[in-house]
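Use the sequences and the hints to build the structure in full.
Heads up: the protein sequence lines correspond to chains F and A, in order.
With our numbering as the guide, the letters of the first sequence map in order to residues -9 to 102.
With our numbering as the guide, the letters of the second sequence map in order to residues 483 to 598.
Certain hints may be false.
What the hints assert, rightly or not - To give a feel for the contact side, a few chain A residues facing chain F, derived at Cβ under 10 Å:
| id | residue |
| --- | --- |
| 1 | Val486 |
| 2 | Tyr515 |
| 3 | Lys518 |
| 4 | Leu527 |
| 5 | Glu540 |
| 6 | Pro543 |
| 7 | Leu572 |
| 8 | Ala574 |
| 9 | Ser576 |
| 10 | Asn584 |
| 11 | Phe589 |
| 12 | Gly590 |
| 13 | Asp591 |
| 14 | Arg594 |
Hints in this document: simulated from the structure, not taken from any laboratory.
Glycine included, each C-beta is placed from N, C-alpha and C at the ideal position.
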Amino acid sequence: RKEVEQDPGPFNVPEGATVAFNCTYSNSASQSFFWYRQDCRKEPKLLMSVYSSGNEDGRFTAQLNRASQYISLLIRDSKLSDSATYLCVVNIRGSTLGRLYFGRGTQLTVWP
Amino acid sequence: DTEVTQTPKHLVMGMTNKKSLKCEQHMGHRAMYWYKQKAKKPPELMFVYSYEKLSINESVPSRFSPECPNSSLLNLHLHALQPEDSALYLCASSQEPGAYSNQPQHFGDGTRLSIL
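Here's what the structure looks like:
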């Protein structure tokens, strides 16, 4: 079983829509959680860290449910520029130094 | 703008060539990483340097040879690569090694490598 599982999509939504991505992780010792976005042929860029109490950054809201080992990302009022692949990333406590575990990514296309 | 700088942006080389990829960060980060990414796949970890020492080698073939000359620089020396090594090579850094810190990794914009 993969350490991090994501629905690969693709998600195709109109501008202004609300879209949610889910991610599950298998190791309960997982320590820190992130959402990255990656545009086609570009590097991954940190979108937001995910905190236990949930956190919001503008139109983006991230939630963590440790009991269910589940992370979500909600995007409100989608923009064309939100089109990208969204990577769920987990760091596992006690893992070998610096080891991040990546989901396979969820592809989002926002259409006008 | 990325704070992790990689050069070159693109590289085409033959299977007998020797080349090097370079990565630089001036954020004072003490952990640096090399990843390989194929199309439509997530990045795959290759090497981790922690405080300028190699701490992880993910069973990478010896035709890839990393080097960390100082805390700001990371090189990846390439020799006798195969066509299947064509990929995007990403460098990343983080404030501390991941096992000790909740800090995220910051990626450079990558070197797109093509092996002929």
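Structure-based check of all given hints:
1. Val486: Holds - the Cβ of A/Val486 comes within 10 Å of chain F, reaching about 8 Å at its closest.
2. Tyr515: 6 Å, holds
3. Lys518: 12 Å, violated
4. Leu527: 7 Å, holds
5. Glu540: 9 Å, holds
6. Pro543: Hint on A/Pro543: violated, closest Cβ of chain F at ~19 Å, above 10 Å.
7. Leu572: Constraint on A/Leu572 satisfied, holds at 6 Å.
8. Ala574: With a closest approach of 8 Å, the A/Ala574 hint holds.
9. Ser576: Since chain F brings a Cβ to about 7 Å from A/Ser576, closer than 10 Å, the hint holds.
10. Asn584: Holds. Min distance 4 Å.
11. Phe589: 4 Å, holds
12. Gly590: 6 Å, holds
13. Asp591: 5 Å, holds
14. Arg594: 8 Å, holds
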